[in-house]
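J.: Those protein sequence lines, which keep their order, are chains A and B.
So the mapping is simple: the working numbering equals the position in the first sequence, first residue as 1, plus 52.
So the mapping is simple: the working numbering equals the position in the second sequence, first residue as 1, plus 52.
Derived from the structure by calculation, the hints contain no laboratory data.
Since this is a predicted model, take the numbers as computed values, not measurements.
Yeah, the Cβ is synthetic: ideal placement off N, Cα and C, and Gly gets one too.
It is possible that some hints are incorrect.
Claimed, not checked - Under 8 angstroms between C-beta atoms, here's a sample of chain A residues computed to sit facing chain B:
hint: 1; residue: 67
hint: 2; residue: 84
hint: 3; residue: 97
hint: 4; residue: 103
hint: 5; residue: 150
hint: 6; residue: 151
hint: 7; residue: 235
hint: 8; residue: 239
Number of protein chains: 2
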Amino acid sequence: MRRSQRLVLITKHLTENPNKIIPLKYFAERYNAAKSSISEDLNIIKSSLSYSMEGVLETLPGAAGGVRYRVKNSKDKIQSLLGELCELINDKNRLIPGDYIYLTDIIFSPEYSYRIGEVIAEKFLEKEPTCVLTVETKGIPLALMTARALNVPLVVARRDIKVTEGPSVNISYVSGSSGRIQNMALPKRALSEKARVLIVDDFMKGGGTARGMTELVREFNAETAGIAVFISTEEPKEKLVKNYTSLLVLEKVETLRGIIKIRPGIF
Amino acid sequence: MRRSQRLVLITKHLTENPNKIIPLKYFAERYNAAKSSISEDLNIIKSSLSYSMEGVLETLPGAAGGVRYRVKNSKDKIQSLLGELCELINDKNRLIPGDYIYLTDIIFSPEYSYRIGEVIAEKFLEKEPTCVLTVETKGIPLALMTARALNVPLVVARRDIKVTEGPSVNISYVSGSSGRIQNMALPKRALSEKARVLIVDDFMKGGGTARGMTELVREFNAETAGIAVFISTEEPKEKLVKNYTSLLVLEKVETLRGIIKIRPGIF
C-alpha cells in the first residue's frame, strides 16, 4: 500500500475514533507497513491537523503508548458556530405560546449535535471525564455526541423506574423554575464508584435538574467533573448549581411581543 | 499546501460529512488548489476507500455535482459486528428479573451506536429517506447515528405532549406485546408532507410501537421508507408491521434458568 493510501485510511480511522489511544503496531499490522513508515505517516497527519487547526494528534510514549487524535477547534471556528446557532434560533417563527422557543430541530440535528458535542468535549478534555450523564429526553443527542468525542460511555437518567434496567438509584429533586418535585432514576450498574461524570443537558433555567444530577452522582460515590448546557437563561442569575458552562445565553423571550434575545456564552 | 496534507484534511472532512454532496470548488477554495489537483486527490481517496472496503466516494457530475462519501462496510465487517454484539449480549450478568436483558450500556454506547447507525444507514441508502423517526427514549442514540450517516434530520416522537414544542399530532396505539393503549406525539413542524421516513427503534416484540410510528407518519401525509430495529424477538412471529429489518434476533430469554439465545438477523 502506498503512503497516500495509508494517509487516507489512517486519517479516516483517527477521525472515527477520537480520544482513543491507538498503538502504532495496530496500523503497522493493518496496513502491512514498517512502524517507521507509520510513524512518518502520523507526522504528516499531525502537521496537517495542526496547520489547519482541526484537531491535535498526540504521541504517547511507552508500552501503553501510541497516538491519540483529540478534537480541537480554533477559537474562531467555535465563535462562528455559536454565532450561527444564535442566528438560527433568533427567528420569530420559533416562538411558541408561553414564552418558549422551538429548539427541537436543532437539538436533534445530527450535524449540530455533532459539532456542539465536539465543542463541549474539547472544553472538558483536561478534566478527563470517565462518562457523560444526561437526563431523558432532549439532552440525549448532545450528550451522546459529547461522549463520542471523549470516547466515554453515555449514561441516561430516566424520569421513571424501568423494569428493563434492573435495580436503580432514585432521587427526588425540586425543579428550579417550577418548584415542583421531580424524580430521576439511574440503573445501579450504569455508574461505578469513582467515576468522573460530565453532566450535559440542553437547557438550564433554575438549575434544579442539573443539581439533581449532581446529587445522583453523589449517591453513587462518584464525582462531578463538570456541567455543560447548550442554553442557559440569563434569569435567574443565581442557579442551583455553581459551576457550569453554557454555549448560549437566553436573555429574553416574549412570544406575544415577538422578542428573542440570545447570545454566545463565555466559552 | 502539499498533496499529502490535502489528502488528510479532505479525508477528515468527508468522514465527518457522510452522504453530503460537496462541490470540488469547496475544496479548491479551502485549500487554495487547482480543481484538477483536487480531482486527483479525490481519486486517491476513492481508490483507498474502495481498496479497503471502508466506504464509497461517488462523483456526481453537473452543476449541482461534486463528491459524496457514503458509508459502506464489507459483508464480513457487518457480520463481525453482529457477532461481537451477540457475544456481548449473551452474558448471564445481563439477565434481569422478568425475562429482560440489560442492554442500556450497548444502546447508549457512542461507539456501538455509531457503528450500528452506519450499518442501518447503509441498508436504506437506496431508499433515500429524508428523515429518521424514533420514539423516546432508548431508540434515540441509534436513530441519531443513523441520521448522521444518512445526513438527514432526526425526528423524535414523545410519549406526552410537550408545551415547548408547539402544536402536535397525537395518536393512540396498542402495544403489540402488552396490549395496552399508549400515546405518541410529534410536533406539527417536525415532519413535512412527502417526507420519506426511516423508522428506527431499539427493540421490537409485537411491533405495536413501530406500527404506531407508521400511523403517525401517515397522519402527516408522509411515507414510511423502511423500519429498522436493533433487536427483534423471534416470538411472536407475526408482528404488527410487515416489512422490517432487525440486526439481531432474540430467540429466548429466561432469567431464572439463566438462558439467553440471540443471533444475527438476515442483514
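J.: Could you check the structure against the hints above and give me the numbers of any it violates, in ascending order?
T.: 2, 6, 7
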